[in-house]
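Okay, here's what each chain looks like letter by letter:
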Amino acid sequence: MSAVTSKKHARGPVRTAIAIVLLAVLLFPVYWMVNISLQPSGNALSGTFFPTHPSLAGYASAIHDQGHNLVTSLLIAAGTVVLTLVVAAPCAYALAQFRFRWISWALLVILISQMIPGIVIANALYTAYERLGLLDSIPGLIIANSANAIPFGILIMRSFMLGVPPSIVEAARVDGAGLLRAFLSIVVPISRNSMITVGLFAFLFAWSDFIFALTLTTKGQVVPVTLGIYQYLGAHIANWSAVMATAVLASIPAIILLVVAQRYIAAGATGGAVK
Amino acid sequence: MSDTKTLTSATPRTTPAPAPVRSRRSGSRRLEELTKVLFVVPAALAIVALFGYPVVKNVVMGFQDYGLKTFFTGQAPFVGLSNYLAVVSDDVFSKAVVNTALFTLGSIVGQFVIGMLLALFFHRSFPLNGVLRALFLLPWLLPLIVGSAAWRAILEQDSGILNVTLENLGVISTPVPWLTSPQVALVAIILVNVWLGIPFNLTLLYSGLQDIPDELYEAGALDGATGWKAFWSITWPNLRAVVSVVLMLGVIYTLKVLDIILGLTQGGPANATQTIALQSYQRSFVEFKFGQGAALSNILIVISLVFAVIYLRANRRQVDE
Chain A
164 MSAVTSKKHA
174 RGPVRTAIAI
184 VLLAVLLFPV
194 YWMVNISLQP
204 SGNALSGTFF
214 PTHPSLAGYA
224 SAIHDQGHNL
234 VTSLLIAAGT
244 VVLTLVVAAP
254 CAYALAQFRF
264 RWISWALLVI
274 LISQMIPGIV
284 IANALYTAYE
294 RLGLLDSIPG
304 LIIANSANAI
314 PFGILIMRSF
324 MLGVPPSIVE
334 AARVDGAGLL
344 RAFLSIVVPI
354 SRNSMITVGL
364 FAFLFAWSDF
374 IFALTLTTKG
384 QVVPVTLGIY
394 QYLGAHIANW
404 SAVMATAVLA
414 SIPAIILLVV
424 AQRYIAAGAT
434 GGAVK
Chain B
207 MSDTKTLTSA
217 TPRTTPAPAP
227 VRSRRSGSRR
237 LEELTKVLFV
247 VPAALAIVAL
257 FGYPVVKNVV
267 MGFQDYGLKT
277 FFTGQAPFVG
287 LSNYLAVVSD
297 DVFSKAVVNT
307 ALFTLGSIVG
317 QFVIGMLLAL
327 FFHRSFPLNG
337 VLRALFLLPW
347 LLPLIVGSAA
357 WRAILEQDSG
367 ILNVTLENLG
377 VISTPVPWLT
387 SPQVALVAII
397 LVNVWLGIPF
407 NLTLLYSGLQ
417 DIPDELYEAG
427 ALDGATGWKA
437 FWSITWPNLR
447 AVVSVVLMLG
457 VIYTLKVLDI
467 ILGLTQGGPA
477 NATQTIALQS
487 YQRSFVEFKF
497 GQGAALSNIL
507 IVISLVFAVI
517 YLRANRRQVD
527 E
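Chains as they are written, first to last, in the numbering used here: chain A, 164 to 438; chain B, 207 to 527.
Since the hints were made in silico from the structure, they are not lab data.
These numbers come from a predicted model, not from an experiment.
Treat the hints with care, since some could be wrong.
Result set (DSBU-like, lysine-lysine): computed pairs, CA atoms no more than 30 angstroms apart in a straight line [as the list claims (entries may be wrong)]:
{"id": "1", "chain 1": "A", "residue 1": "LYS382", "chain 2": "B", "residue 2": "LYS435"}
{"id": "2", "chain 1": "B", "residue 1": "LYS301", "chain 2": "B", "residue 2": "LYS242"}
{"id": "3", "chain 1": "A", "residue 1": "LYS382", "chain 2": "B", "residue 2": "LYS263"}
{"id": "4", "chain 1": "B", "residue 1": "LYS275", "chain 2": "B", "residue 2": "LYS263"}
Using C-beta positions, here's what the derived DEER-type ranges look like [stated by the list, open to error]:
{"id": "5", "chain 1": "A", "residue 1": "VAL249", "chain 2": "B", "residue 2": "LEU518", "range": "45 to 53 angstroms"}
{"id": "6", "chain 1": "B", "residue 1": "SER365", "chain 2": "A", "residue 2": "HIS231", "range": "38 to 46 angstroms"}
{"id": "7", "chain 1": "A", "residue 1": "PRO329", "chain 2": "B", "residue 2": "SER300", "range": "39 to 47 angstroms"}
{"id": "8", "chain 1": "A", "residue 1": "PRO352", "chain 2": "B", "residue 2": "SER232", "range": "52 to 60 angstroms"}
The beta carbon of each residue, even a glycine, is placed where N, CA and C say it ideally should be.
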């Protein structure tokens with residue numbers, strides 16, 4: 164028995180080593196992006212494996228060209244987080260705790276809505292936005308992006324709020340709090356973790372959005388950074404280090420999310436799809 | 207009705223409400239019901255506006271001559287099935303259908319097999335397992351257009367690192383035009399999409415593996431089921447529901463992929479990477495033939511819906527179990 168366990172222990176570090184190698188293979192494109200972003204020569208993909216003479220020239224031109232677009236993306240993503248939480252949280256609570264008869268239908272509609280292709284939404288929103296004057300506007304993109312985040316947010320927060328004991332809300336109600344106040348003062352603080360998960364993902368969805376950025380802007384006044392990268396990628400790429408520097412800058416939210424909020428990601432990745 | 211039930215069950219400790227409150231109660235009950243509905247109204251409006259309206263609008267536009275002129279005159283005459291006839295009879299359509307099928311199949315098979323192997327690997331315990339597994343998520347969290355840009359740099363014909371490395375190793379003598387040759391472009395975008403999909407498959411399959419009770423393996427080991435035998439007799443049957451969810455969601459997500467193809471090839475060369483979703487985009491937003499774009503996206507909705515039904519059934523079965 165002890166021989167078996169010691170053998171198992173010996174295998175552990177080997178597996179760790181294998182995992183690191185596999186990870187290195189999978190993350191190579193990310194490494195390569197960082198490598199090229201630090202290369203001094205702008206226009207060629209000069210292939211040294213390490214940035215032996217690292218230069219920030221790529222970042223300088225990235226910020227010069229795309230700094231404004233990064234701010235645009237930041238505003239859109241932040242707005243999407245707020246809109247998603249305000250709209251989805253009360254609905255999630257209602258679907259978790261109120262005994263409406265049509266709840267299973269509502270959940271079905273929400274599940275199916277997540278499967279509608281983005282191009283379908285873009286087709287219709289373009290014609291509507293054109294009339295409403297929402298093309299080329301940050302609010303327009305916030306609304307469109309919340310299409311991705313609201314159904315996801317309702318499902319995640321609902322599965323958490325199912326576990327909120329009704330008695331604590333009722334206790335507040337007996338003390339005279341209205342339904343809305345009880346929700347805001349009791350349910351929201353308790354559900355903080357699920358709301359953080361949804362907020363982080365809403366941010367990431369909006370930050371990463373490309374289809375709406377591409378279709379719902381026409382004049383080049385409002386250019387989220389994903390669209391900026393796409394324009395960089397047009398036929399001839401003149402300055403690879405600037406393109407890759409922008410790509411690195413556009414990856415920062417994902418990297419922060421991975422480092423700071425790892426446990427929330429796992430909750431979001433599995434909860435949205437399976438539950 | 208159900209409301210009173212929760213009230214009484216939840217308030218056994220409090221004293222009974224005094225009589226005068228009672229008369230006010232039916233009024234406040236109605237207010238209460240109204241408030242409850244108000245919790246749902248914003249989300250309901252959002253779903254109607256952002257999903258209901260687009261689907262209906264696309265169905266209607268599919269029957270209309272909805273083009274650039276429409277935005278000036280407001281006129282979109284009904285034209286029956288001519289949008290559908292126009293897009294289906296186009297040579298590009300059959301190519302797009304075949305490419306969509308190949309792209310979806312290739313992506314799903316690649317993502318699933320690699321994701322499954324990685325999930326099985328991470329299912330064993332070793333130092334740093336959690337941290338390393340989390341880092342595997344990175345490609346999935348990056349904006350798709352960022353992933354596309356990185357791969358553009360790698361796959362670039364003349365100075366991209368892939369060709370340079372393959373040439374140095376002597377595997378190829380002339381650079382492979384990964385994104386510019388009709389023969390290999392589809393393979394290249396499938397490769398990139400597999401890379402993007404691995405984290406999603408890994409995460410869901412891993413959590414499915416974690417849900418299989420250890421006792422099953424212990425009991426199986428007594429019957430001599432270890433290694434591959436244990437996989438086929440214990441793991442696979444218990445994982446089936448998760449597998450079907452992963453596969454169906456994978457198909458639904460892959461059908462609507464636009465970012466990667468636009469970032470890498472824009473459907474070219476010579477329509478070698480044209481898909482139904484991309485065709486829909488180009489008809490609407492490049493040619494401004496919204497009626498034809500809508501017709502194509504309706505075809506896409508129908509295909510997605512078929513898989514959505516399969517998904518929902520699999521999902522329900524999983525919930526029941």
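Tested hints:
{"no.": "1", "hint": "A:LYS382 with B:LYS435", "in the structure": "violated, 61 angstroms"}
{"no.": "2", "hint": "B:LYS301 with B:LYS242", "in the structure": "violated, 51 angstroms"}
{"no.": "3", "hint": "A:LYS382 with B:LYS263", "in the structure": "holds, 24 angstroms"}
{"no.": "4", "hint": "B:LYS275 with B:LYS263", "in the structure": "holds, 18 angstroms"}
{"no.": "5", "hint": "A:VAL249 with B:LEU518: 45 to 53 angstroms", "in the structure": "violated, 28 angstroms"}
{"no.": "6", "hint": "B:SER365 with A:HIS231: 38 to 46 angstroms", "in the structure": "violated, 30 angstroms"}
{"no.": "7", "hint": "A:PRO329 with B:SER300: 39 to 47 angstroms", "in the structure": "violated, 57 angstroms"}
{"no.": "8", "hint": "A:PRO352 with B:SER232: 52 to 60 angstroms", "in the structure": "violated, 32 angstroms"}
In summary, the numbered hints that this structure violates are 1, 2, 5, 6, 7 and 8.
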